[in-house]
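Undergrad: Going down the list, the sequences are from chains U and B.
Numbered per the working numbering, the first sequence spans residues 1 to 194.
Numbered per the working numbering, the second sequence spans residues 1001 to 1326.
Don't read these hints as lab results, they were simulated from the structure.
Honestly, I wouldn't trust all of these hints.
[Claimed, not checked] Simulated crosslink set (DSBU-like; lysine-lysine; CA at most 35 Å straight-line): (1) U/K35 x B/K1024; (2) U/K85 x B/K1217; (3) U/K85 x B/K1080; (4) U/K19 x B/K1325; (5) U/K69 x B/K1161.
[To be verified] From chain U, some residues computed to sit far from chain B (all C-beta separations above 10 Å): (6) T5; (7) L6; (8) K11; (9) Q56; (10) S60; (11) R81; (12) C152; (13) D153; (14) E156.
This one's a predicted model, so the numbers in the text were calculated from it and none came from an experiment.
For every residue, glycine included, the Cβ atom is placed at its ideal position computed from N, Cα and C.
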Amino acid sequence: MDDLTLWNQLKQGNHLALKQIYDLNIRSLDNYAHKFTSDTYLIEDTIHDIFVQIWQRRESLGSTDSIIKYLCVTLRRELIRRVEKSRNTVEYEVNENKESTFSLSVEDMLIGDEMSSENQGNIKTALSKLSGRQKEAIYLRYFEEMEYEEICDVMEINYQSVRNLISKGIIEMRQYLTVIMIGILIFTHFLQLS
Amino acid sequence: MESKNLHDFQQDLIEDSSFIAWVKSDFVEDNDHWSSFIDTHMDQMDEINQAIRVVTNLDFAIKPRVDDNKLWARIEASTKQEHTEPKIRKINWKYIAGLAAAACLAGIFYFKQGFGTPENQVFKSSIAQKVTEAFPDGSAITLNAGSEASFNADNWEKERKVSLQGMAFFEVRKGTQFTVETPNGQVTVLGTSFSVDARNDNFEVICKTGKVAVKSKNGDEKILNPNDVATLQDGILMTHTMPKGTVGLIPWLEGGYTFFNEDFGQVVKEIENQFDIKVVMDPSLNELKYTGFFKNNHLNDALFNITWPLKLKYKIEGKQAILTKE
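Bound conformation, chain B alone (with noise of 0.2 Å):
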């Protein structure tokens, strides 16, 4: 049994800050101190050992629950517009007339922007590239390649409402209603998390948690639990549920994009905002339909993917892909 004395050698050594900085960062700071401390101590060497033992033990477990990325976007958010202000203070006192109209100015373009029309703030992401922004009360969205996102930042705590152009998923904090807007119809709910695709015509919202309410623009309703799917076809609001092993994935989040009797014009335009490259392919292609599936990490293999049920062969040339009958 060890001695219970508050200080003996062992606990001074852990307690030391120069020993513990020692210790952590591998032998590497305070080196010369310590190895001249064991040369004069080689018959305490053990009580030393126990010591670094002590100190290596001494580990806390890590485990990273806050998205960092996530939460700066928020901050972000909350500290931008203030952050181009400033600049006002380097004025030189002779425009001081000039400053004095433009701060009447500014107040008159406050009042306007405060309760006139506001100013949206717009996330967006341009092609081949998938984006994550959070809104000021948390609740991120990932957009999809080209999409777009419009929204009131000031008035977001009285009304969470988002214009969304292209294709998204969201994940809503609990709060008041939250509403997705698209030329089609929209979409409201409480708190969940749920993917809106709004590219061309479409329709779709896919929902993963919580539940959904989707509203046509014919002003067909439906309410959509995990995993329920809903579509409009030919004007009319369809549901299904997602087929299984696709439970609880978000397709496109997951990098892959499924087609069903779609038209291979739209195909080919979703490789095109995929991969960041041309098609070129004879027009009367457009009209075929295709049924099937490509992933977005390899181009070769989306291509091929989509080219063999059509009986199509396609070649890469730089930033062009060719498709032709075979």
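Isolated chain U, as found in the complex (with noise of 0.2 Å):
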């Protein structure tokens, strides 16, 4: 079922369409919501909030062929406001430095010895130039594969920022990336497949 076919169940009223919409996407908000805050009470809280107000409005939900961006949006917007607030008032214990969250696989091989030692100083130094705000284009980008234009939407920012933040963040790291791992494997899976 696309999304534009599940969401409208959802607007009819369907409460196995808000539960397939949860299943299909609480592992996606789970990792995402953890680049924000390390608090997994106030993000439980978050989603368990976001799911209750779509279920009571979703009569009057416009339509969407993206849920996943939708829920992002949503998901990013509430949490962000939640953290400030809670900065004022210390209830919860908020991650201070947000971009120690964001973390890409490659750097938890770092933990493992499977690299050199120069190669894990490098990769090191090249993931410290990249922003928290770059960090979250890549990822939405290259692991939830969002179009540009759903970038755009879920950070609240234009166009050409967000095509920045990516290509210089790439730049940055592709000297890098190159040389984990993988090596010459994918070559020869690929020439297999062809």
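Both chains come to you apart, so use the hints to assemble them.
TA: As structure tokens, this is what we get:
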């Protein structure tokens, strides 16, 4: 079932559609939300409230052909609002350094000893040059596989800014990303397929 | 050193939607296009390979941290009440008078519900089944087989109170006082995790984290720290600390059941509960005293564990286990 149909089912009051939307997107939302805070309780509360709100307002919802985009936009806005609010009241434990929670899986690999220490150092330097926003844009593009226009909506910045964040980030990373593991394997794999 | 040109051949590939989809799908999506693309760009194979490597390595660490079943249970609880209601709209115009009367009744009913006797929500587990559910605030309960917990969802924000029959493990989120009521005593906490056994005449509380206040029906009070256990023995509330090696584990959550000088009839009842079988034996065996344990994963092992110390034999016949003296 495509997003448009699923969303319409929800608007017509099909509770199973809500469940399906939840199942299809919860892992992405979980992952994305942790880029903004490490407070899992706050994240659970926010996701809960968003789904309850979607259900309660289902009849007045607009239509969408990308549910994940709709959910990411709402989650991002709501989380940032709540994290900021709680900063004042010090009720929640807030992650001060947003960048540190936004991790590429290569960063996890750095902990292991698969790579030479020289390469490890290079990648760490490259990653440290990326801003939180660069990582977020790259995440949405290469992990959620969103189009540039969708990323504009989610991050609430214009098209050119998204392109620049990604282009510059990739160039920063490129020479390091090509040295990691995979190496020649991809080409042989590809030859077999074609 | 590679060129810092914003848009060279390789960079264009890396940023192309179709190229990303192709690589991320293990070279399935749009494969026709990219196969012929490669045929016509053989001289730039190195660049293409590099682009593939970049996209492949731009993978993000996935660490599931939200418990999605628990969170869904909570969302369902918050949206369920409403989702049975829309049927009313389908009623014909000619029933309008009846509808108005019904609405009136519904109003009174609601009023009574809101301010009179509230209807309780019930979590239940049947035989041989363990169930985890969430309360409106995200606190969780795991019910052991054949247990039941009820609470007032509407009033939950003001008063977190659960009536328990049977045995359950609680993970309580920080907030106002959280109370578990059982026939033989009550447990109050602020935010912690603990297990309550209120089967039959039992009253046993194990504190896993935080601090737990336990009060028996005759007024005895004890405060439990992590790994402390409170048990009602002959009407008196006793405490002890979990033996070494079991610290941090709630035995029944791990599938283990331990008994100390327990009536054999009770042990057999627990076997019946956990494995959903009927145990047939001479009633005189009920009076035997059993000390030991069984785990709820293998019926054969469990029956062996409870029979050999008492010099009994067992035989499994379909949904029945027959115990006899050796």
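Undergrad: Could you run down the list of hints and mark each one as holding or not?
TA: The hints, checked one at a time:
no.	hint	verdict
1	U/K35 x B/K1024	holds (22 Å)
2	U/K85 x B/K1217	violated (44 Å)
3	U/K85 x B/K1080	holds (30 Å)
4	U/K19 x B/K1325	violated (53 Å)
5	U/K69 x B/K1161	violated (39 Å)
6	T5	holds (20 Å)
7	L6	holds (16 Å)
8	K11	holds (12 Å)
9	Q56	violated (7 Å)
10	S60	holds (15 Å)
11	R81	holds (19 Å)
12	C152	holds (14 Å)
13	D153	holds (16 Å)
14	E156	holds (21 Å)
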